[in-house]
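Chains as they are written, first to last, in our numbering: chain G, 1 to 172; chain X, 1 to 519.
Honestly, the hints are just simulated from the structure, not real lab data. Some hints could be false.
Stated by the list, open to error - Mimicking DSS-like on lysine-lysine, the simulated pairs with C-alpha atoms at most 27 Å apart in a straight line are:
no.	chain 1	residue 1	chain 2	residue 2
1	G	Lys-17	G	Lys-7
2	G	Lys-113	G	Lys-7
3	X	Lys-508	G	Lys-3
4	G	Lys-17	X	Lys-508
5	G	Lys-7	X	Lys-508
6	G	Lys-77	G	Lys-17
7	G	Lys-77	G	Lys-113
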Amino acid sequence: MHKILLKIAQVGIRSEKPPGTDEALRMRATQLNGEVLRMLGRALAIRHVDAGSCNGCELEIHALNNPYYNLEGLGIKFVASPRHADLLLVTGPVSRNMEEALRRTYEATPEPKLVVAVGDCGCDGGIFGECYASRGRIANVIPVDVAVPGCPPTPTAIMQAILTAVSAAAQR
Amino acid sequence: MTPALAGLALAPVPGAARAWRTAVDARQWRAGCEAAAATGGRLAALWASDDRDRAGSFTVRALLAVFEGLVCLELAVPEASPNYPELSDLFPSAARMQRAAADLLGVRAVAPDGSVRDARGWLRHGAWRADHYPLRRDAPAAGAGGNGDGRYAFVPVSGDGVHEIPVGPVHAGIIEPGHFRFSIVGERVLRLEERLGYTHKGIEKRFESMTLEQGARLAGRVSGDSTVAYAWAYAMALEAITATSPAPRALHLRALLLERERIANHLGDLGYLGNDCGLAFGFVQFWRLKEDVLRLNAEAFGHRYLMDCIVPGGVAADVTPPAATAMLAEADRLEAELRELRAIYYDHSGLQDRCINCGRLQPRTAALLGVVGLAARASGHAMDARAFPGFAPYGQLEPRIASHRNGDVAARIVVRFEEILESLRLQRRILETLPGGGTRQPLGDAPAGAPGIGWVEGWRGEVIVALESDGRGGIRRCHPHDPSWQNWPALEHAVIGNIVPDFPLINKSFNLSYAGADL
Numbered sequence: 001m002h003k004i005l006l007k008i009a010q011v012g013i014r015s016e017k018p019p020g021t022d023e024a025l026r027m028r029a030t031q032l033n034g035e036v037l038r039m040l041g042r043a044l045a046i047r048h049v050d051a052g053s054c055n056g057c058e059l060e061i062h063a064l065n066n067p068y069y070n071l072e073g074l075g076i077k078f079v080a081s082p083r084h085a086d087l088l089l090v091t092g093p094v095s096r097n098m099e100e101a102l103r104r105t106y107e108a109t110p111e112p113k114l115v116v117a118v119g120d121c122g123c124d125g126g127i128f129g130e131c132y133a134s135r136g137r138i139a140n141v142i143p144v145d146v147a148v149p150g151c152p153p154t155p156t157a158i159m160q161a162i163l164t165a166v167s168a169a170a171q172r
Numbered sequence: 001m002t003p004a005l006a007g008l009a010l011a012p013v014p015g016a017a018r019a020w021r022t023a024v025d026a027r028q029w030r031a032g033c034e035a036a037a038a039t040g041g042r043l044a045a046l047w048a049s050d051d052r053d054r055a056g057s058f059t060v061r062a063l064l065a066v067f068e069g070l071v072c073l074e075l076a077v078p079e080a081s082p083n084y085p086e087l088s089d090l091f092p093s094a095a096r097m098q099r100a101a102a103d104l105l106g107v108r109a110v111a112p113d114g115s116v117r118d119a120r121g122w123l124r125h126g127a128w129r130a131d132h133y134p135l136r137r138d139a140p141a142a143g144a145g146g147n148g149d150g151r152y153a154f155v156p157v158s159g160d161g162v163h164e165i166p167v168g169p170v171h172a173g174i175i176e177p178g179h180f181r182f183s184i185v186g187e188r189v190l191r192l193e194e195r196l197g198y199t200h201k202g203i204e205k206r207f208e209s210m211t212l213e214q215g216a217r218l219a220g221r222v223s224g225d226s227t228v229a230y231a232w233a234y235a236m237a238l239e240a241i242t243a244t245s246p247a248p249r250a251l252h253l254r255a256l257l258l259e260r261e262r263i264a265n266h267l268g269d270l271g272y273l274g275n276d277c278g279l280a281f282g283f284v285q286f287w288r289l290k291e292d293v294l295r296l297n298a299e300a301f302g303h304r305y306l307m308d309c310i311v312p313g314g315v316a317a318d319v320t321p322p323a324a325t326a327m328l329a330e331a332d333r334l335e336a337e338l339r340e341l342r343a344i345y346y347d348h349s350g351l352q353d354r355c356i357n358c359g360r361l362q363p364r365t366a367a368l369l370g371v372v373g374l375a376a377r378a379s380g381h382a383m384d385a386r387a388f389p390g391f392a393p394y395g396q397l398e399p400r401i402a403s404h405r406n407g408d409v410a411a412r413i414v415v416r417f418e419e420i421l422e423s424l425r426l427q428r429r430i431l432e433t434l435p436g437g438g439t440r441q442p443l444g445d446a447p448a449g450a451p452g453i454g455w456v457e458g459w460r461g462e463v464i465v466a467l468e469s470d471g472r473g474g475i476r477r478c479h480p481h482d483p484s485w486q487n488w489p490a491l492e493h494a495v496i497g498n499i500v501p502d503f504p505l506i507n508k509s510f511n512l513s514y515a516g517a518d519l
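Work out the full structure: start from the sequences and follow the hints.
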């Protein structure tokens, strides 16, 4: 036990300042009223859905929880069920084998049902595009609020997209 | 030395991967596989191609890993009766590969009595009709329209108190999609049946619309966490076709990239394995170390995960002297921290309690299932394509194989620790002995003909790419093969008799790719 405590003390706190928001990532104007935002505060619950990604974006989503980005430190946490989620973080081109599961996940998510599409594939189908097995971009299957490009986008960019989805809408 | 296999006349396949090939008839197909199975060989990959335009038939290939290297058996399968002798009695891992080939090309693996052992779709869920075969050359890339029957008959388990837990395809964590059907009594798992294929997005069809050069980028996105291994395997296959030899500096840089990919992934897994045992400290520390590695990757090579750094003909990135100094300093720091954290992990009673004897894959089962890579090494099988048969530049680097016999979660943790330390040693050696010279060669012509083969030991296990040129600069056929094909069925065995709450831990200890095997 003392080795663990010693290590924690030696390493110290490595968390960095979170990025600001970026309106350029917004796909559609979301009508979040002030009341919803007040209730959400900064305690946002995210459900991640891999709709067919190569798992590259997942690596960066995992990294959001590392001590440098420390997403949970902002009150934003990943939850196990769409029914507990305020926001869906969706990766991949949508494979046709995942299309129904993605729709059902979206339906199971309560309002405000925000959706952030992650990565080049989520934005426009990426290198996989549309074919017999792929429906391409996320917006082809469910409404998308914010889309963040990159292959994969950096954790900072994903964080920025999440913060854009919730915070900038406050001014609307 | 050419392997002796059931009297078959084997011709060497050019290129860096040690491989031979031969066309066989149905009898030789079985005889070759039987001979390989009887002498400790295993099935490395199985895939089919539509060669009706060229040879009037389909081709099914079984790539066998034997003592000397890889042997590719090529069997012509007529369109009129698209059946070939099945191999899952010899190699259980063939079952899913055969089902995938049936879904994509309509070739059926049949038993001697003419029956198909498992006629359920594997990659085909409801997205296309059962009589449509998307990888046939006359099938449009966009598909034929219309949905198929997406229902799936899981194997039922009956008995007093037996019930089922269905999990997925959308999982509770940040995980790729797949379905797990547990049959349990109380908390004990009697049987796990996996249903995968959810991330099937038509990669093999997509390859066929690309030029040979463009394909490298797609190969690097078959399984994002193994992008270096795939890019290298693809480049190796294309270099084999084009008779191109990458410069020594390029090969050393490739090995550096591959070891850095191994280090980053193992660090991440060690963090999650601690976390899944309730030791959040482990997650935080290992993910801090992983992030440091990724940031140095971005600084030195321009990409955190090193995507597109390996290109056919060489590498697209080089190491500057300051980057080399930074990596050497990082290696020293990382090694010291790793030894410290290893002592904490090995001493931790909670980890010992959860990991030792949990999710055991017995050496015998691993051999029977043809398990590869890290999971095989943790179950007593000292296989590693870097060490044997080896591929350049590893002959000069003399990699040491990490191994363990217990086959449990703890063994897979131990192997990861050992492998990071070994990768750090290799990284030092590469940086200290980095040859000068160019980093990228122009590619020669790519004639149509037999596939070029790439064979690379990624962090999870061997990644194989079989690539055929159309003779006009395009890809005729490309089959990328992930080690997860062989290792997913092993997970079904490793969880038997364990309690359901240990499944996430056992699953993470294998950390298999969904995308890599779904294609």
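Checked hints:
For the suggested pair Lys-17(G) and Lys-7(G), the alpha carbons sit about 23 Å apart, so the restraint of at most 27 Å is met. A distance of roughly 40 Å separates the Cα atoms of Lys-113(G) and Lys-7(G); the hinted pair therefore is violated under the 27 Å criterion. Restraint check for Lys-508(X) and Lys-3(G): the C-alpha separation of about 25 Å stays at or below 27 Å, so the hint holds. Annotation: proposed proximity of Lys-17(G) to Lys-508(X) is violated, straight-line Cα distance about 31 Å (limit 27 Å).
Between Lys-7(G) and Lys-508(X) the alpha-carbon distance is near 25 Å, which keeps this suggested pair within the 27 Å criterion. Between the alpha carbons of Lys-77(G) and Lys-17(G) the distance comes to roughly 17 Å, so the proposed pair stays at or under 27 Å and holds. For the hint linking Lys-77(G) to Lys-113(G), the alpha-carbon distance of about 15 Å falls within 27 Å, and the restraint holds.
Of the hints listed earlier, those the structure fails to meet are numbers 2, 4, in rising order.
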